[in-house]
Amino acid sequence: MRGVSALPFALWRFLRCEAFAAVGASIYFCIAMLAIFADRLAPYDPRAILRVGSRVARYLPMSADHWLGTTSSGRDVLSQVIYGTRAALAVGLTAAFVVVAIGTLLGLLSGYLGGWTDRIVTWLADIVLGLPFLPFMLVLAALTHPGTGVVIFTVSALLWPNTARVIRSQVLSLRERAWVEAARVTGCSTTRIMFVHVLPQVLPLAALYGSVAIGWAILAEASASFLGFGDPETLSWGVMLQEAYANQALSRGAWNWFAPPGAAIMSMVLAGFLISRGSEKLLFPKLADQ
Amino acid sequence: MSVLLQATGLTKSFRMRGRDVHAVADVSLTVAAGAALGIVGESGCGKTTTARMLLRLEDPTAGRILYEGADITDLHGRALLPFRARAQLVFQNPFDALNPRFSIRQSLVEPLRNFGIPAGAHAAHIEAVMQRVRLMPAAAWLDRRPHELSGGQLQRVVLARALIAGPRLIVADEPVSMLDVSVRAGILNLLREARDSLGLAAIYISHDLALIRYVCERTMVMYLGRVVEEGPTAALIATPAHPYTAALVAAVPVARVEQNRAALPIRGSLSDAPLAGPGCAFRTRCPYAMPRCETETLALRDVAPGRRAACHLVGVAS
Chain R
1 MRGVSALPFA
11 LWRFLRCEAF
21 AAVGASIYFC
31 IAMLAIFADR
41 LAPYDPRAIL
51 RVGSRVARYL
61 PMSADHWLGT
71 TSSGRDVLSQ
81 VIYGTRAALA
91 VGLTAAFVVV
101 AIGTLLGLLS
111 GYLGGWTDRI
121 VTWLADIVLG
131 LPFLPFMLVL
141 AALTHPGTGV
151 VIFTVSALLW
161 PNTARVIRSQ
171 VLSLRERAWV
181 EAARVTGCST
191 TRIMFVHVLP
201 QVLPLAALYG
211 SVAIGWAILA
221 EASASFLGFG
231 DPETLSWGVM
241 LQEAYANQAL
251 SRGAWNWFAP
261 PGAAIMSMVL
271 AGFLISRGSE
281 KLLFPKLADQ
Chain U
1 MSVLLQATGL
11 TKSFRMRGRD
21 VHAVADVSLT
31 VAAGAALGIV
41 GESGCGKTTT
51 ARMLLRLEDP
61 TAGRILYEGA
71 DITDLHGRAL
81 LPFRARAQLV
91 FQNPFDALNP
101 RFSIRQSLVE
111 PLRNFGIPAG
121 AHAAHIEAVM
131 QRVRLMPAAA
141 WLDRRPHELS
151 GGQLQRVVLA
161 RALIAGPRLI
171 VADEPVSMLD
181 VSVRAGILNL
191 LREARDSLGL
201 AAIYISHDLA
211 LIRYVCERTM
221 VMYLGRVVEE
231 GPTAALIATP
241 AHPYTAALVA
251 AVPVARVEQN
261 RAALPIRGSL
271 SDAPLAGPGC
281 AFRTRCPYAM
291 PRCETETLAL
301 RDVAPGRRAA
311 CHLVGVAS
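If you're matching them up, the sequences are chains R and U in order. At position 255 of the first sequence (counting the first as 1) the number is 255 in the working numbering, and the numbers step up by one without a gap. At position 59 of the second sequence (counting the first as 1) the number is 59 in the working numbering, and the numbers step up by one without a gap.
If we strip away everything but chain U, and leave its shape as in the complex, we get (with noise of 0.2 Å):
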């Protein structure tokens, strides 16, 4: 597989009050085309702003990223087009993804005429694209305007208004949290079946563990702006390798209410991490925090062949 995307070194910081707090710290990641890679990490760990960076909808501070081994990190306007045409994003809260004013047509329109494709094949291309994220007839929904739709349909609006133009990598910001469950699968299956049918690769960002396995084949954990762990996702799941990514795990809902659960085994909360200076960050809320922690900032180490853990017990205690 050849790679599609690779981004070594993300680094995005910002100054508070005198000091350099990284919003995402030397994040490298490599998605081969056709494949699926997750970020999952609670709200605040980074995942977003480095979906962001990894768009080019905010500059990194540091670090390269390198679109089909072209670097594209210091390209901008004009130049950044052809990128823009290949790598599309999925918004989490579909009812602001679409401009109000804007009918549904007028949205479609925005990606064809702007990545050139002449007009006499606009009208084809949204037939096509309509149909593939199932709004038939397509006659009945392109004059509408957001407003009218739910949040479902909105979705599907969105999802078509980033396949329309031939996209290559979809990056998936939460692209179900703000809707109704019922609504959820249908959304999640229509991205995979436009995958697998179009052979695209995919960026799924999310805090929810069940999705990403539903979703993703490699799975990247993010923590205070930190890779903690990553590897394929079944195994990350099954054998965690970093204490953080064993809570996230144990804190996934189950369906049976009445079955009693271990408490969580993290304490605390995200706001008692230190943010900025050595060691790791997550030592504070981890229940095998040792004084090496505190000085030690860790890189990510082998588990296992294509498994990777920032975490002093990777690799000793076993």
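Excised from the complex, chain R in its bound form (with noise of 0.2 Å):
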């Protein structure tokens, strides 16, 4: 009980200690709100296309009425951003989940069992680690069915190598540790050393690489929107990106429609950064002396 009501504590002392990852975590609070509470804080429809009179808002600048301006099909910048956030949440924590979940369990297994699971484990990583990003995630596309679908199983599957390394390593020096070998004593199964004594001390460490894979994710979904392999039935930022260059958005000077996508993408994934370099110095504290 006590280690559950310690955690939002122990939390709250690390983000008053480390300023870059209190910013990295504001943004993440401030965005989950914005998706959580989209349909109330977007000033309009995202979809809409909205009239003046009796021609189609297209193109409006920044005003009182659209804090954003509008987009070519007089459809409204700041709402499409608002509700943007929900389609970057769902494929970035989705993706984030599953990157933790195979890093978290092969790191363990090929960490704890050594031997042929390590090697066939660090194999399989390393030849992952090769694979380049954009072309493996647009030859999929270009084979399946292009939409977020591709770019969560992309970034999935190419992402687990970094998480799975660090959590090997620290599993390496977790299984010299004397209560583990305490464990074997008093009869736990390997399983249970691995699942109950061993897997909870790399968590903090494996929710550190989920941060960093929900910028990945975003960014992955973004280019690939960008692209045209996304699902042009999705709100999200590269959608918008994408629809502001086909619609030569720069060269009309309305920067309005394409920085506000462009400037959310960036934050999302500073996010993930600002946490992951916030952290270093709690998870890796000798770093800090160099």
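Honestly, the hints are just simulated from the structure, not real lab data. Check the hints yourself; a few may be wrong.
[To be verified] Where chain R lies over chain U, by a calculated footprint (3+ residues, C-beta under 8 Å):
hint: 1; stretch: 73–84
hint: 2; stretch: 89–101
hint: 3; stretch: 106–118
[What the hints assert, rightly or not] Pulled from the structure, derived: some chain R residues nowhere near chain U, Cβ distances all over 10 Å:
hint: 4; residue: Ala22
hint: 5; residue: Arg40
hint: 6; residue: Gly74
hint: 7; residue: Arg175
[Claimed, not checked] Now the in silico label distances, taken between C-beta atoms and shown as ranges:
hint: 8; chain 1: U; residue 1: Leu313; chain 2: R; residue 2: Ser169; range: 47 to 57 Å
hint: 9; chain 1: R; residue 1: Thr190; chain 2: U; residue 2: Val3; range: 24 to 34 Å
hint: 10; chain 1: R; residue 1: Ser169; chain 2: U; residue 2: Pro305; range: 52 to 62 Å
hint: 11; chain 1: R; residue 1: Trp123; chain 2: U; residue 2: His76; range: 20 to 30 Å
hint: 12; chain 1: U; residue 1: His76; chain 2: R; residue 2: Asp39; range: 55 to 65 Å
Predicted model only: the values in this text are computed from it and were never measured. Think of the CB as a built atom: it goes at the ideal place given N, C-alpha and C, for glycine as much as any other residue.
Hints in hand, dock the two standalone chains.
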């Protein structure tokens, strides 16, 4: 019970000491709030084609009515950016969860069991790390049905080795601890030692890699959408950028259309980076001296 | 007295630069039910590796281990559980011996659960064992986590965990070397009391002859993976047969600071020792080394009834 109640407290103390992590966490928090309350916060229906009188309200500049202006088809940019958080979080969280699950499981198995398991996992990780990210996703999208599924699959399939390697090295050092040996002496099965004794110790590290994977997944989704391999039905920042590009928003000087989704993607990726940067001190205290 | 644990020819070797290096070579020992055996030697002499092999935490390269007459050398996984329930370990470093995320209660429940003791009986077992290690009232300790306890208190918990499922043998690997001097006697007495009232056998591993003399009837002296001498502790300390035992005895600190002490009879350090090849491993540091020490590897030979040593001096020079 103590551990459960101590966790939020420890988290709070960590965020107070680590400015980087605090900024990152607040960005995630804001985006999560936007996603949850998107339907109340967005001033317009993001898909509605707005009209001024009888004319479609295309390329309106920023104004009190439309804080970020409108798109070429007369849709409200702010509303689209706000609704885009939902797609971003859906892709980001799903992919991050899969990355963390696969990476942690394989890292745990290969680190604790060693031998053949370790060799196979390490070998697989080396191969996967050699695969180029974007080409892999594009080929996959071309061969199958393009959409968010492909994005999530690509991120999951290509990003797990980073997590797995770090978890593996952590497990390698944990398994030498006396209390792991004590677990063996007191009759714990290998499975129980791995999942009940060792796994909880590496979960914070896994969560950290998850936060980085969120950023990666969103970036991947945006790239895929921008290149036209996304799901055109989804309201995402990548789709917005693609539309802006296709309608030559840049040459029209309609930066109010493409800058906001770009900034949103950047802030999300930045948040993941900041959190990982901030927790470096916590997880690898020796690095701080160098 | 019936034999509880018996090991014959235990060997653990590693390949190093193409050669087999023995961490433990041909160690045989017997522990009778209820008896205490001491294993002494300096760091790196293989005493911990021997203990880990005896507990089946490490696989021996050669040799057999028999528990109550049954060969347990090749058992793994579930087949080993009955033995695990009977042979427990007390760790050297109490600060690392308990899962930092587990409460004291969770750590104590682990062996009960794994050894198949019904959940309804857990509370009674925990209460009894906490009383035995004098952590009373139990309720005040059970929900704490290891970092809230001192070294002495942690070692009591470690001892409680070892005792809770009804073992027959306790292996104590330097059980008090990491503790403050003021709490050492307390832990050793607890262990002795538990052994006396439960009739437990014990193997104490230590570099401290004073401790071994305090708790063990029989003692084995190891040097570089080999047993160089064994016998009743009192006789072994009073009249060491092997020069290395003599050196260990001479190295025991005495409480008189002003008293002049004779220089140690041995020279050099462990790193001078030959790692492989024939001959006595101690010859490079031994004051009595003679030519045949370099060529003949000596087995243990009888010094007196119940006493054996591996040295050419034994039974020849006297």
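For each hint, the structure was consulted:
no., hint, in the structure
1, 73–84, "holds (count 4)"
2, 89–101, "holds (count 10)"
3, 106–118, "holds (count 4)"
4, Ala22, "25 Å, holds"
5, Arg40, "41 Å, holds"
6, Gly74, "57 Å, holds"
7, Arg175, "12 Å, holds"
8, U:Leu313 to R:Ser169: 47 to 57 Å, "51 Å, holds"
9, R:Thr190 to U:Val3: 24 to 34 Å, "31 Å, holds"
10, R:Ser169 to U:Pro305: 52 to 62 Å, "55 Å, holds"
11, R:Trp123 to U:His76: 20 to 30 Å, "26 Å, holds"
12, U:His76 to R:Asp39: 55 to 65 Å, "59 Å, holds"
Comparing the model with each earlier hint shows no violations; every hint is respected.
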